[in-house]
Amino acid sequence: MTVSLKAVTPLLEKGRSTEKGGGTGSATRERRVGQQTLLFRSRPRVVAAAAVAGPKESQGPLAAYWDRTYQDHLLGQRSWERAERQMCLDAANLALEKAGLRPPDIDLHLGGDLMNQLTCANFAAVELDIPFVGLFAACATWAEELAVAAMATDAGFARRVLCTTSSHHDTAERQYRFPTELGNQKPACAQWTATGAAAAIIAAPGGDEEGRTGDTDAPSEAEEGGNGQGAPGHRRAAREPAMSAHGDGTARPAARRGGSVRITHATFGRVIDMGLTDPMNMGAAMAPAAADTIRQHLQDTGRQPGDYDLIVTGDLARYGHRLLVQLLREQGYDAEGVLADCGILLYDASQGVFAGGSGAACSAMVMAGYLLRRLETGDLRRILLVCTGCLHSTTTYKQGESLPTVAHAVVLEAGQ
Amino acid sequence: MARASKDQTQAYQQAVQHVLPPKPIARNTLMAFLVGGTITTAGQVVMNLLLAAGLPRTEATSWTSVVFILIGLLLTGLGVYDKIGSVGGMGAFLPITGFANSIGSAAMEFKREGWVLGVGAGIFQIAGPVVVYGLAAAAVVAGVTHLLQGARAALGMP
Amino acid sequence: MTYVWAFLIGGLLCALAQLVLDLTPPRFTQGHVMVLFVVLGAIAAGFGIYRPLVELAGAGATLPLPGFGFALVEGALQGAGKGLAGILAGGLSATALGLTIAVLGGLLTAVLFNPKG
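Protein chains in written order, with the working numbering: chain A, 1 to 416; chain B, 1 to 158; chain C, 1 to 117.
The following block holds chain A by itself, in its conformation from the complex (with noise of 0.2 Å):
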């Protein structure tokens, strides 16, 4: 039996203001869809895409899908904050080793992570050398960057995008919470923030073609046998995890029909504040910016939950999941059966994380990881990636503030 959502449904109801949006000529309307979405008709695609993960990522059910493993969360570095750095970076060499593009190849860089001032983000774009763009949504920080990576190349000022993002649990805990030793008590719906980073490189159709660097065209053992399902068993020959504790190991890119999956859509959320001041209980906080999100996409594209082979929040983790199927309910979407969340796909019930995984890499790693990998081999044909974030700051906290969230969307589809 569950509590009614009644009266929380006209918040989550469109609020603003109902003039039709964007009345003002054509060109609007082509990239318009509804009152809140976008519409990208050139397809843009997700030419290659990289994910890796620290130690208890590298041990969960998806470990088979990650680029590079690092078994010391510190990578041999003299900080949190430097290791996520090079995390960020590795993700980002590996997926332009896997596109055959080099950083003189990309015209824009769009980063982000969930520390002060984007500091991992700022001081990997230093090593990258691309004309940069910091982006900061807390954990919805990738579907952000990967909406506006797609405004760029559909509109034409960009022929590739490189999105890169990062987490670390220890510079979260650290920055938000308290030092990592210290022996405090965690409720059951706190969240573990994932450490890792993923990357994506997002073209233009056509315009991905120009000024590549060579071909990394080696047949993709990792499509053989079709079966894209991914069960932990699946750990497949050309994924090593790097052994070497300063993260150079080993770990050879496996080359896969990459460049088939496109963002048709994408839908960025408003601001939702609930009234809730737990940053312990991230997850129920977001789960109405992610309903609200959710359905203003749905009523804009004409679509239904069943239209999606997954709808795929970022970081609800167990509890917020439940509630965003409740709030959905209350909304008239049957959304059960397709809603997952990447914070309880990326790790075991076991591993001791209480409801889940959370931080800005745990939705960008398994989509750059797990589901693109599904995407691209048919399994799954079309999902929506909602991407979740919690807005507040440590200050805000101490102030007695309540948490604003925001959820963004991005569609995803398998394409031809």
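Simulated from the structure, these hints should not be mistaken for lab results. Accuracy of the hints is not assured; some may be wrong.
[Claimed, not checked] Below, a sample of chain C positions facing chain B; criterion: calculated Cβ distance under 8 Å:
{"#": "1", "residue": "56"}
{"#": "2", "residue": "92"}
{"#": "3", "residue": "93"}
{"#": "4", "residue": "115"}
{"#": "5", "residue": "116"}
The structure displayed is predicted, hence computed values, not measured ones. Note that beta-carbon positions come from the ideal geometry of N, C-alpha and C, so glycine has one too.
Here the structure of chain A is known, so what remains is to put chains B and C in place on it, guided by the hints.
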């Protein structure tokens, strides 16, 4: 404006409470009791050893605290105390070992920001409030007690 | 026999602290509970009810944080012979050994160890 009204927040809070598992209050309390009791019993062992060695009572008490501060710091440095804390809760935090853990963990963590601006400034980040309000409370209490000394004697309290 | 009391009283104080932590809203953190118990210890010492507990349970009463509050008050009261200055200085003086060791030990911990996360 996408901000919930008080009623909406309340309604949602109720739904959230319904979805969350109940806090294992009984188990937490029991673990706190056991872990805390174990630490304090170990403390009494040390205390008795010091008393047997001939130390006067007050000094033995102080030195027992010292020993346990050091134990707490060591276990923190070895990366073990956070696990004790997650199991024992306030059983690990209320004894002086917890105080030591908060100092040790902060010191280690902020080392990366330097010895002056990091460790120096941050070492009391968690433990500071205890010292601040402990001192303040003690000053007030002692002051008031001293003033009321006569009244207390009249009431027959020691 | 003090061992039994040390266990019971020490355990009870910790159990009480845990209950306070669990039954209060989340914004009342471990740090808040620690402060509360130090202050309660000081108040109890002021009323003279903590000393019997110390005599009964030994470390069971002195090792937990209320014992720290108690030590501060006792020290302050001992300094009362020297007037106001004595009261104000007494608390810190009585606990100076512990605090200094904590600082020195904390620094040493930072020198010797790194956080493992």
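Evaluation of the provided hints:
Residue-level restraint check for residue 56 of chain C is violated (minimum Cβ-Cβ distance to chain B is 11 Å; threshold 8 Å). Because the beta carbon of residue 92 of chain C sits about 7 Å from the nearest beta carbon in chain B, less than 8 Å, this interface hint is met. Taking 8 Å as the C-beta contact cut-off toward chain B, the hint placing residue 93 of chain C at the interface is violated, the least distance being around 11 Å. Hint status for residue 115 of chain C: holds, given a least beta-carbon distance of 5 Å to chain B, under 8 Å.
Of the supplied interface hints, the one on residue 116 of chain C holds, with its beta-carbon coming within about 4 Å of a beta-carbon of chain B, less than 8 Å.
Hint violations for this structure: numbers 1, 3, all remaining hints satisfied.
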